[in-house]
Amino acid sequence: MESITKNRQSLDTLRAMVTRAYGKDQVPSRTGKWVHELGHGWFNVAYRVRLRDGRDVVLKIAPPPGVDVMTYERGAMATELAAIELIRESTAVPVPAVDFVDTTGELGGADWFFMPYVDADNYGVIRSTLSAREQDKLDQALGLATRELNAIRGDRFGPLIGPGSPSWRTQFLTMFETVLADGSRKGVDLDYPALRALAESQAGCLDEVTEPRLVEWDLWDSNVLVRDGRIVCIIDHERAFYGDPLIEAGFVATQLRSFGDPTAFLRGYGKLTLTPAEHDRRRLYTLHLTLIMLIETAYRGVTGPRHLDWVRARLTEALALFDRP
Numbered sequence: 001m002e003s004i005t006k007n008r009q010s011l012d013t014l015r016a017m018v019t020r021a022y023g024k025d026q027v028p029s030r031t032g033k034w035v036h037e038l039g040h041g042w043f044n045v046a047y048r049v050r051l052r053d054g055r056d057v058v059l060k061i062a063p064p065p066g067v068d069v070m071t072y073e074r075g076a077m078a079t080e081l082a083a084i085e086l087i088r089e090s091t092a093v094p095v096p097a098v099d100f101v102d103t104t105g106e107l108g109g110a111d112w113f114f115m116p117y118v119d120a121d122n123y124g125v126i127r128s129t130l131s132a133r134e135q136d137k138l139d140q141a142l143g144l145a146t147r148e149l150n151a152i153r154g155d156r157f158g159p160l161i162g163p164g165s166p167s168w169r170t171q172f173l174t175m176f177e178t179v180l181a182d183g184s185r186k187g188v189d190l191d192y193p194a195l196r197a198l199a200e201s202q203a204g205c206l207d208e209v210t211e212p213r214l215v216e217w218d219l220w221d222s223n224v225l226v227r228d229g230r231i232v233c234i235i236d237h238e239r240a241f242y243g244d245p246l247i248e249a250g251f252v253a254t255q256l257r258s259f260g261d262p263t264a265f266l267r268g269y270g271k272l273t274l275t276p277a278e279h280d281r282r283r284l285y286t287l288h289l290t291l292i293m294l295i296e297t298a299y300r301g302v303t304g305p306r307h308l309d310w311v312r313a314r315l316t317e318a319l320a321l322f323d324r325p
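Residue numbers (full-length UniProt numbering): 1 to 325.
Treat the hints with care, as some may be off.
With a Cα cut of at most 27 Å, we get these calculated BS3-like pairs of lysine-lysine [as the list claims (entries may be wrong)]:
hint: 1; residue 1: Lys6; residue 2: Lys271
hint: 2; residue 1: Lys6; residue 2: Lys137
hint: 3; residue 1: Lys6; residue 2: Lys33
Label-pair restraints from in silico Cβ distances [said to hold, decoys possible]:
hint: 4; residue 1: Asp309; residue 2: Gly109; range: 33 to 41 Å
hint: 5; residue 1: Leu38; residue 2: Gly301; range: 36 to 44 Å
hint: 6; residue 1: Arg55; residue 2: Arg8; range: 33 to 41 Å
hint: 7; residue 1: Thr316; residue 2: Leu38; range: 44 to 52 Å
hint: 8; residue 1: Pro276; residue 2: Val125; range: 35 to 43 Å
hint: 9; residue 1: Val67; residue 2: Thr273; range: 36 to 44 Å
hint: 10; residue 1: Thr316; residue 2: Lys33; range: 39 to 47 Å
hint: 11; residue 1: Gln26; residue 2: Ser131; range: 40 to 48 Å
hint: 12; residue 1: Asp309; residue 2: Val101; range: 37 to 45 Å
hint: 13; residue 1: Glu317; residue 2: Asp25; range: 53 to 61 Å
Think of the hints as simulated: they come from the structure by calculation, not from any bench. None of these values were measured; they are calculated from a predicted model. For glycine and all other residues, C-beta sits at the position ideal for the given N, C-alpha and C.
Please work from the sequences and hints to get the whole structure.
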């Protein structure tokens, strides 16, 4: 996907990064196709690089400092690295190893890191080619993996790195407010006072969440790598934080069916239905998500009407949830 946040680099800079990470002996020759961009992401740029010894690795580069991003995206690469380390230490969920990290900004003007390339298919890309039974199996496995990730406990709600809050209500309303501020700063056409008042009036349901849990938040099928009918790696952890597991991507479809059928995910997660109170929390999270989906288009430089119309429709659906019992 195209985005102005992608910090693309010259071949000379990419070679310099390889040198710093793996040594001069691994720098690819100047002939042959040794690098290509992995295009499915919408924030960082990522390259598949073939080292001189034949190994394939992935280089991920953060946006340059001069590019404006949404508030929750600041420091996203540091969050991703912290999440990978935490998941590797605390669960059996497969996530990438990290070969090398550079935070100096000397090459590319931003943070970057290398990890081994995982030879597998992107589930979001191949989903439509799979049978219903194959999709059901993978969705169930994704529910199980999400539950294992959510079992990691934190000591406060909020970012993995930096200050948080002992109250989920306080933390979520802060997150919601920063999204509104991001939209206002870019001039996105929304009724900000009404949205703020709606969230505050519904926030009482958040008080029943008292234990911070790790949430990936961005665990869509496009961030799942599969091989031979199994999940072999989960990627893109830069949006992780400590919060309510019900905010996870797999639960969105319980209210917005344009995101698919949640049945197999819920079965894998071990939560077949939501209580009325959970539905109340979930609709706040759905509103929050659809606002981000709309506002982030201004930060990505998206101008095509097709995508904008689609996200506006999802926001309309999210708002309509508050008119239902």
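Verification of the supplied hints:
Straight-line distance between C-alpha atoms of Lys6 and Lys271 comes to about 37 Å, which puts the hinted pair past the 27 Å bound. Taken as a hint, the Lys6 and Lys137 pair is broken in the structure, with Cα atoms around 34 Å apart against an allowance of 27 Å. Only pairs whose Cα atoms come within 27 Å are accepted, and Lys6 paired with Lys33 is accepted, the gap being roughly 21 Å. Range check, Asp309 to Gly109: about 35 Å between beta-carbon atoms, so the 33 to 41 Å window is met.
For Leu38 and Gly301, the hinted distance range of 36 to 44 Å is not satisfied, since their beta carbons lie about 19 Å from each other. Here the CB-CB span from Arg55 to Arg8 is close to 23 Å, at odds with the stated 33 to 41 Å. Thr316 and Leu38 have their C-beta atoms about 33 Å apart, which leaves the hinted 44 to 52 Å range violated. Our hint of 35 to 43 Å for Pro276 and Val125 holds, since their Cβ atoms are close to 37 Å apart.
The hinted range of 36 to 44 Å is satisfied by Val67 and Thr273, whose Cβ atoms lie roughly 42 Å apart. Here the CB-CB span from Thr316 to Lys33 is close to 45 Å, well matched to the stated 39 to 47 Å. Judged by the Cβ atoms, the range 40 to 48 Å given for Gln26 and Ser131 holds: they are separated by roughly 41 Å. The supplied range of 37 to 45 Å is met by Asp309 and Val101, whose beta-carbon atoms lie about 40 Å from each other.
Take Glu317 and Asp25: their Cβ atoms lie about 55 Å apart, and the range 53 to 61 Å holds.
Hints 1, 2, 5, 6, 7 from the list above are not met by this structure, while the remaining hints are.
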